[in-house]
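Asker: Sequence lines, in order, name chains F, V, C and Y. Numbered per my numbering, the first sequence spans residues 1 to 524. Numbered per my numbering, the second sequence spans residues 1 to 524. Numbered per my numbering, the third sequence spans residues 1 to 459. Numbered per my numbering, the fourth sequence spans residues 1 to 459.
Source of the hints: derived by calculation from the structure; they are not laboratory data.
Covered stretches of chain Y, as calculated for chain V (at least 3 residues, CB under 8 Å):
(1) 116 to 127
(2) 299 to 306
(3) 320 to 333
(4) 399 to 410
Keep in mind the model is a prediction, meaning the values are calculated, not measured. Each residue gets a CB set at the ideal place from its N, CA and C atoms; glycine is no exception.
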Amino acid sequence: MNAPNKSGWKPTSPVLGEAADGTIDSPTTTGNRALMLEEPLLFEIGHADTTGVDLPEVDANAATRLGGFERTGPIGLVGLTEPEAVRHYTRLSRQNYGIDLGFFPLGSCTMKHNPRLNEKMARLPGFADVHPLQPVATVQGALEVVNELAHWLIKLTGMHSVAMSPKAGAHGELCGILCIRAALEARGDAREVVLVPESAHGTNPATAAFANYRVEGIPSTPEGRVDLEALKARLGPDVAAVMITNPNTCGLFEPDMRAISDAVHEAGAFVYCDGANFNAIVGKVRPGDLGVDAMHINLHKTFSTPHGGGGPGSGPVVLSEALSAFAPLPFVRKGVDGELALIEKEERESSRGQSFGRMTAFHGQMGMFTRALTYMLSHGADGLKQVAEDAVLNANYILRSLEDILHAPFADSGPCMHEALFGDKDFGGGLSTLDLAKGLIDEGFHPMTVYFPLVVHGAMLVEPTETESKATLDQFITAFRSVTERALAGDESLKQAPYFAPRRRLDETAAARKPKLAWSDPEE
Amino acid sequence: MNAPNKSGWKPTSPVLGEAADGTIDSPTTTGNRALMLEEPLLFEIGHADTTGVDLPEVDANAATRLGGFERTGPIGLVGLTEPEAVRHYTRLSRQNYGIDLGFFPLGSCTMKHNPRLNEKMARLPGFADVHPLQPVATVQGALEVVNELAHWLIKLTGMHSVAMSPKAGAHGELCGILCIRAALEARGDAREVVLVPESAHGTNPATAAFANYRVEGIPSTPEGRVDLEALKARLGPDVAAVMITNPNTCGLFEPDMRAISDAVHEAGAFVYCDGANFNAIVGKVRPGDLGVDAMHINLHKTFSTPHGGGGPGSGPVVLSEALSAFAPLPFVRKGVDGELALIEKEERESSRGQSFGRMTAFHGQMGMFTRALTYMLSHGADGLKQVAEDAVLNANYILRSLEDILHAPFADSGPCMHEALFGDKDFGGGLSTLDLAKGLIDEGFHPMTVYFPLVVHGAMLVEPTETESKATLDQFITAFRSVTERALAGDESLKQAPYFAPRRRLDETAAARKPKLAWSDPEE
Amino acid sequence: MRYLPLTDVDRGDMLARVGASNIGELFVDVPEIARLDGPIHDLPMHASEMAVERHMGALARKNVAAGDAPFFLGAGAYRHHVPASVDTVISRGEFLTAYTPYQPEIAQGTLQMLFEFQTQVARLYGCAVANASLYDGSTACWEAVAMATRVTKRKRAVLSGALHPHYAEVVKTMAKFTGDEIADSAPAIQAEPDQSGLIARIDEDTACVVVQYPDILGRIGNLQEVADAAHAKGALLIAVNTEPVALGAIKSPGELGADIVVGEGQALGVGLQFGGPYLGLFAVRNPKHVRQMPGRLCGETVDAGGKRGFVLTLSTREQHIRREKATSNICTNSGLCALAFTAHMTLLGEKGLRQLAAENHRIACATADRLAQVPGVSLLNTAFFNEFTVMLEGRNANDVVNILAERGVMGGVALGRLYGGAKALENALLVTATELTTPEDIETLAGELEAVLAKETAQ
Amino acid sequence: MRYLPLTDVDRGDMLARVGASNIGELFVDVPEIARLDGPIHDLPMHASEMAVERHMGALARKNVAAGDAPFFLGAGAYRHHVPASVDTVISRGEFLTAYTPYQPEIAQGTLQMLFEFQTQVARLYGCAVANASLYDGSTACWEAVAMATRVTKRKRAVLSGALHPHYAEVVKTMAKFTGDEIADSAPAIQAEPDQSGLIARIDEDTACVVVQYPDILGRIGNLQEVADAAHAKGALLIAVNTEPVALGAIKSPGELGADIVVGEGQALGVGLQFGGPYLGLFAVRNPKHVRQMPGRLCGETVDAGGKRGFVLTLSTREQHIRREKATSNICTNSGLCALAFTAHMTLLGEKGLRQLAAENHRIACATADRLAQVPGVSLLNTAFFNEFTVMLEGRNANDVVNILAERGVMGGVALGRLYGGAKALENALLVTATELTTPEDIETLAGELEAVLAKETAQ
Ligand SMILES: Cc1ncc(COP(=O)(O)O)c(C=O)c1O
Ligand SMILES: Cc1ncc(COP(=O)(O)O)c(C=O)c1O
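For reference, chain F alone in the conformation it holds in the complex:
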């Protein structure tokens, strides 16, 4: 591997010169820019006979019992020694933005700080090195973690029970909707429709459709809330459930929630609440008091288990009494003797005999449970209440600090909850929400969520979370205002932002037109 730079880009000249857009296009022979380092693909630096582990050489004449299916041909993998591997991934990591680096106000994603104690606890061998099928007598501590966490979730939501096994929010939605279907079928009442507001997250309609329901919209008011009257009008014997996000994706609390629930129940349907935004009300409001039948909780949002660049998450679902009997297996039950039992089969369990089945091979995201429980114990009931209050205060602070220059569609609907929503009105020179987001990247911030929810044109959803200091918010506001002013003034230079990131804007159309989804040796 003699080429200094495998990133596909070749230096124009080894001396300083600048690119058309006025920035220096890296003048170095390596493509590196001091601490901003280019990194080739693993397959461009690794070798088939290089390894970062020291295992015995394979004995070619050793007898095997593989039924004659020995893998003879090359697999096509390459290896790196540890020094190369650590450097490869460290260099890659430096091309990423994370909460640890700065403000990450990605709306609806609750990018709060990930406490390091949680990481430490999750790595205790007593949790990390335990097999899911060990005899229950040898995993009582693990089952207690599940039980304690369940206790917290039930108390915080005021619900009747909780299904712990769902692997993420969408999986939790599915769990909730399947409980509803099971409950309806149990009473011989098959229904076909699930009502989902247009502002809902994509997983809501996808989930309902997956469970074989027809998805219909719910009209909303100009204030960004569910239109109660319109909803009532639509309710009928064909409606199985209503999926509502509260606080909703416009960052507003649904004041009619209780009335909605009553109406839905009256119509013989169930209320599914998308709990992704629970961070706004944790410790302040219990969904159980609002008539919710099922709600998933993203432990990786409200309870700070790390997002890890896309997961893993965990989506326990709290259930009303009406749905509890239909919860999936397995679940933990405390015996009279205090011994914790793991219920893996329906037959074994009369009272819960109506479980709709199993959603995953084992017991759910234990590694996330330990982190979330550690988080809860650290904050306590008082701390969690403070979490909601600070998250909401931070969001309102941003809303009121930007509404004068940015279009804030629901600014007059009263205070927002944990996120502030803006639109792209009045930008000059054909500039868009995307350009503004890219401008923020140069300023050292991760952009807010853009173009979601769909109900607002060029939506910008800013969720600061409670773990940000006022100093950070003030710096963000200053930068956001300056980029907005450039957008309003039609500053063309924004069209090419970001200028300083590891990469300029990437060609997504080309990527989709001729998908290249795996590396292949150009020499082959």
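Position chains V, C and Y with the ligands against the provided structure of chain F, taking the given hints into account.
Answerer: For chains V, C and Y with the ligands alone, coordinates are given in the frame of chain F:
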């Protein structure tokens, strides 16, 4: 803290504009450039009443027994919550270059990869959470680590014993020189002079002077070696010791080492060998076979304990039979029963009754011992031999790949050892070694050691170590050649390099003229 | 609170800026009935790191860690040695605290890693394209069945009896609601998988056949046979693998004709973790099936400066664009587990993976031979990788496992537990050995097993 | 070898480039007699991570970790709770694998951290300037004495008898060779330090007086008194502190007139580590002494673009510039320990440090009161912070400590051990309590101590 940027620098304009030197001086309001983030000082973002720990409030009326010395006034410290602290240090860390990021060929410093297994082992509670004064029966494992490591060091060097307590190389040099002084005084033979070659590391003369010796130089040959004849001529009854670095700081092995030792011993003096460059010969050559009386080993070089931005290190000293009796306390001794004893007081130990005393409060750098022993066990005798061979091969590869365009003063002296030495001859436009080093920074490399050793004008000492791949060396060579060509061509732009680092060149003169060594509130 | 940066002064200033006199005013939309006066009852108040550490530490000590006993469990979750540097990599804040890479310019680290991961998985499975991960092997298995019904427009899935029963349960549970029809059978306790029986169940309405390789009894069947039979009927073959290390020793499902290959990736980098988070692997042999795949896909492209870069692509399959028409409802997947997997795989490389596989097989063979010498124990498998089934003559394997645990040995997984006490499987014990299994471990298991089986009383 | 990237192909190509036919040719300069044919004997060959982990793990388990028993040891090394995020910070590769910041443009992280560290230490100690760290408290103590002799041009150092005996030994050892004269005395076993006795020993030839604060018996003497006396004779006062947490509760040595303040920083962030690596702290009250300080100093400056930045400065004091005229021979210091210290201190802040100190003192008082109720035990100190001395009537404290250890309690440090069995101190036991000490720990110690003291036989 409302100001967006406390780095002392203020943006010129929020729109793109460029600085005189043709680079863009960050056009952002924050001073950030995407992932290259500015970070204020702790004292600019912290508060006296903010804390990242949750401890009970101080009970002002609690009775104390502090003898009336309660600290009443403000201490002047500030705190950060955990989210702020993790971000503060993460952002700072990203302004650093480290081995994990790329090639770090700092001559004489042996910047090899730091295996992560070593970090994991050092953190085992059985090592990390043990008190130095626990009853010896409760620290047998820790004493075994000391003993095992001592065994490795003695075997690898072919020496008689090893003093484990020195805290770093310089401390080890002091240990060795004090052993020599003690040995001489024990035979009633006080001597005043220690001979140190001009090419020696600064710690050598500093150490000799500290031990109250007069330092005199040793002439060297044009080939970069000790001038044996001149040395012999200088030896006499006033010379206590000769300090030699082998391989020496020009990266060459001293072929006359054995003859030097014999001559020195003949003159009644001792041979101190600076073992900082042991990586070149570990497993290949035993200093004991060359007549060395004392040599420190930098565990943080040859045995890869992390440099940590300046330490900690560890500098055990191997000793010849003649010096062993004078080694410092404490030391570990295996009893007949296999029990390990910790000898803390001379009186207790007849045979070692001549110990010159104690160099540090406890037993040395245990945290480094566990890492170094893990490293040795991982490599084994065969791996360590390979370490030396690859380190030397890598250095020679660099020497021969650059000698055609860079002045290599000792290129004709035969193969180099683990480092390649160059000089600054023929640079144009008043460019210097420093400019070349700064040019390499833009290329994404940490520069080599510059202006050391003093015997070569504009010295550039390149030590690749064995943990670098050929691909990395090739990329470095390509970049080094291109920067060298610019230097030879007198490319003025190099004078202002680096362009892409977190900071441009820093004004060291100003720093020393009016030293600002602690933060003080500008408002005060 | 150590995690909350706002000071009371800040809160005051900020309330002023938003024009509220107290925090309560920001919650006006919450109906009276739902407002809580103070902190929720029956829950403790905030606690120091020290206190929480003590509490969690005590819970952890109530479990027997796999490392603290001779350990022979597998059945879908495998214990391997994970190099220390893997944890270093996944602990990098830039990976750990990043979100799904929606802003590619500042997420190239995650994206390039995923591109490398997809390539490794595709090659390991002998496929053309792999996705960026799903939740775990069991949900991946279901997603494969769902995809097969989309591709073939048929609704019938035939499950091999030797598919991990928990995987089968997940598939059957989901099918209940989607209306798909699942045909499955109990596994026959025999030395080799009942291929002909399985093939006989494939018909013209069959969308897919689902076969585990190696199967739940550790057996290695002839996938090629099943593939040919399935293809002959226009059905797809879905191969399920729960132990990726095995594919360092035996042919890849792709080579043998599997159309969709799914599996559990936990064995590399992730660890046991009491069952989660794990890593769902999903790959297709035929590139033309890509647009029917579930989950995220990372693809190569170029940036405005002409430099190579990576992005999430073909998102029109996904819920955030396609909503109710998406190929799956998955959003958050197993990103960090994928990083752990790819980092471990990178450290192994082709050479290390083959060595690791050989070592596992060697030790498993030694274990099987030793156990076969124990009176009352007989080895079922003719072929296996690092996991095999032994029959305990006249003894309930589940009871034996529990007694062994009391005696400090984690002896294996009783098939009866997985199949809910099905009589036929009662005496079957699934035993797994890996590179972490020492000769002493094997002797201890053999010795204890002999002692336990000798005890009539224990019966 | 997993740590060696060169392949045999690489080695061949590279040897060709350098014009050698085999690696041996690169070692031609090594004299025949010293060349080794093969790997060194009596040493094992390379081993896998797994094997090394087993070996090291076994050694670690042979030690009793402080966390595994009620623990009351101090005497210069203190056990405190270190927040988990401190390890996250020091594990960042950019900090862990960096060298001393010789290239400031790409070392601002280390440099700014050091500037913050120096500021924290200076303020904690009540001084103007602190350096970037030395090896540990004992070597810092010696460096202070050496500096005092340079500043005052006098050669006599007066050591308080209650200075940690290991620190005193280091000073005396070094003085043997530098020719400095050290006056020290055994510590008098009494409730309060013998101030007048110490003051009486100061004369016109005295370069410095060295006093530990709080002292080795845990007592808190009046530094101001000693400072005035020293200054009156033109000598400097060197204050030594081994427990930085104490300075969150008691006045700083600087406030009380100490000219040089040195100490051990291990208590914050670093941990016990069986005695090292630790963290030497060094500060001066008077800025005009800066140019006589040992060790590295980080200072503020600006870059060519006008931005604030940091550099190592005043290097003309140091060995790499000044060589035999340097103020010290130190090169590598305790950089990463300084980072751990500053990170922990930042998490504490003024508020947390005061709370931590109050908590330590509160628990120490409770421990002292409880132990004083044990028959045969009497409390020596009138004043103390988190460490105090108890006298065990007619019993050798060292024996008692060992018996307690056998009974699973780490009862404290016998002064007799530190002073090499000096009769006068034989019955003295130094007991330390911190925020980690629980009421149960205290009860256990009291109970066990009572039991042990009751046993005549044990005498
Ligand atoms: C409002 C909303 N609902 C549902 C989800 C899906 O949750 P998950 O990504 O954990 O599957 C998300 C998260 O992206 C969300 O923001
Ligand atoms: C040749 C040489 N000798 C001595 C030393 C001093 O070692 P240390 O920095 O560990 O005190 C060094 C390291 O800088 C060195 O390179």
